[in-house]
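2 protein chains.
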Amino acid sequence: MMISQDILIKYIQSLLPISSEKASQLCISFNQFEAEKNHFLLKENNVSNETFFLESGFVRAFIIDRDGNEVTTNIFSAPIFVNDFLSFFKRQPTSENFQTLTKCIFWKMSFEDVQRNFHAVPEFREFGRMMLVTNYSHLNDRMISMIRDTAEARYLKLLNKHLDIFQNVPLKIIASYLGIADTSLSRIRKELINK
Amino acid sequence: MMISQDILIKYIQSLLPISSEKASQLCISFNQFEAEKNHFLLKENNVSNETFFLESGFVRAFIIDRDGNEVTTNIFSAPIFVNDFLSFFKRQPTSENFQTLTKCIFWKMSFEDVQRNFHAVPEFREFGRMMLVTNYSHLNDRMISMIRDTAEARYLKLLNKHLDIFQNVPLKIIASYLGIADTSLSRIRKELINK
DNA sequence: TCCATTTCTTGTCATTTGCTAAGAAGACTT
DNA sequence: AAGTCTTCTTAGCAAATGACAAGAAATGGA
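These protein sequence lines are chains R and A, in that order. According to numbering that gives the first Met the number 0, the first sequence is numbered sequentially starting from 0. According to numbering that gives the first Met the number 0, the second sequence is numbered sequentially starting from 0.
It is possible that part of the hints are untrue.
Stated by the list, open to error - Derived CB-CB ranges, DEER-like:
hint, chain 1, residue 1, chain 2, residue 2, range
1, A, 180, R, 140, 20 to 26 Å
2, R, 193, A, 137, 41 to 47 Å
3, R, 166, A, 190, 25 to 31 Å
4, R, 3, A, 163, 56 to 62 Å
5, R, 140, A, 161, 35 to 41 Å
To be verified - Quick look at which bits of chain R chain A covers, simulated, 3 or more residues with Cβ under 8 Å:
hint, stretch
6, 61–67
7, 78–89
8, 131–138
9, 141–151
Hints were generated in silico from the structure; no laboratory data involved. Note that the structure is predicted; figures quoted are calculated from it, not measured. We treat Cβ as the ideally placed atom computed from N, Cα and C, and that holds for glycine.
Please build the complete structure, drawing on both the sequences and the hints.
Written as structure tokens, this is what we have:
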């Protein structure tokens, strides 16, 4: 396996104003690994101790409802940082499960290394705040969409924004993320074809 | 009207490790005002330019769904800071409306003064991060509760945690916040009485 | 290539929940 | 204290959506 941090460095630089040297320095703390499909990064009731950068592949977050069903709360498409940052920074147990949907390549950094780099690399201090804001914002948008948009509108929005997800993730998972049953999504897709 | 900043100072000190002197200094930037029932603090499509401390009274946040109905997204019970902090810090239009449910006493600080105090009072810098984390966490908990708990369980949780809300806010607003119709909440309450 | 597994669609059925409307109870005003 | 307005409950009805099951299609592994 070719270990190249280019993608990670480019991604960090797209988020933060930081020199290539500093970014490379940060990357020393990231360890690359490969995960098979269905691998768990984090399970509910555990405190998140690692932040993952997803270089390639797809990941979902889900929680178990009262009937034992898995409800998808997030779908991640590379390149992106994947974590329950509330669990990570508040040091509290998560309620979500994070699992790969395909074979994936990750880079991970431990909580201790994140803390150390906050002190060692001033530019990196913005990272935590940015991850919190980004994920909060995403959850907020999702809540608003659930209230304002029909399931069909949510489907079309996701289709336009992340076609790659539809090519790599089962519709059952996507339907759950959209807040509907897989059979209902099938009906929506059927109606859309008749237009 | 008696202008006493005691409640505000105490509340800030309960959030942040800060001396009484520094806290008092911060309070110079807060202006007290009284608002009647049904007063709007912030309307959708506007950028939030003020952060409000609710000294007494009750406030709701709501968004308009596609049928024109008001869907309650938050109920605030004093003492608490009230704002769409994503709109406030990202300088982007909000999707929510913030409206008083009772006569209220507020203290407000402008965005410019918040920025100025971030520089002038080092201890205050944690404030923004804390507000984001607190509100993010609250939204996350609410999402999880919507998936895991029945409406009855959500009702009982709120009842135990904020009895004051039930004594001051119409059940119609509370039902909407719980994610159900007011008539459904009535059914739940009826069933609970038969136990 | 073939078999097994997963995924997707489709139809039927049942249940839940919201909508509407009406009346009772309560709160506020004058 | 009377009257108005809001709030809350209740009942009947309608509609939307999920559960279940069966079959088709696609995928992946041996």
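We went through each hint and held it up to the structure:
1. Look at residue 180(A) against residue 140(R): about 25 Å separates their beta carbons, and that is inside 20 to 26 Å.
2. Our hint of 41 to 47 Å for residue 193(R) and residue 137(A) holds, since their Cβ atoms are close to 42 Å apart.
3. Taking 25 to 31 Å as the suggested C-beta distance range, the pair residue 166(R) and residue 190(A) does not conform, at roughly 47 Å.
4. Remark: the range hint 56 to 62 Å for residue 3(R) to residue 163(A) is upheld by a beta-carbon distance near 58 Å.
5. Taking the beta carbon of each, residue 140(R) and residue 161(A) are about 27 Å apart, not inside 35 to 41 Å as hinted.
6. With 4 residues having a beta carbon nearer than 8 Å to a beta carbon of chain A, the stretch 61–67 of chain R meets the requirement of three or more and the stated coverage holds.
7. Remark: the stretch 78–89 of chain R is confirmed as covered by chain A, as 3 of its residues place a Cβ nearer than 8 Å to a Cβ of that chain, reaching the required three.
8. Figure legend: the stretch 131–138 of chain R, annotated as covered by chain A; annotation consistent (6 residues with Cβ-Cβ distances under 8 Å, at least 3 required).
9. Counting residues of the stretch 141–151 of chain R whose C-beta sits closer than 8 Å to any C-beta of chain A gives 6, which meets the bar of three, so the coverage hint holds.
In the structure shown, a violation is registered for the earlier hints numbered 3 and 5, in ascending order.
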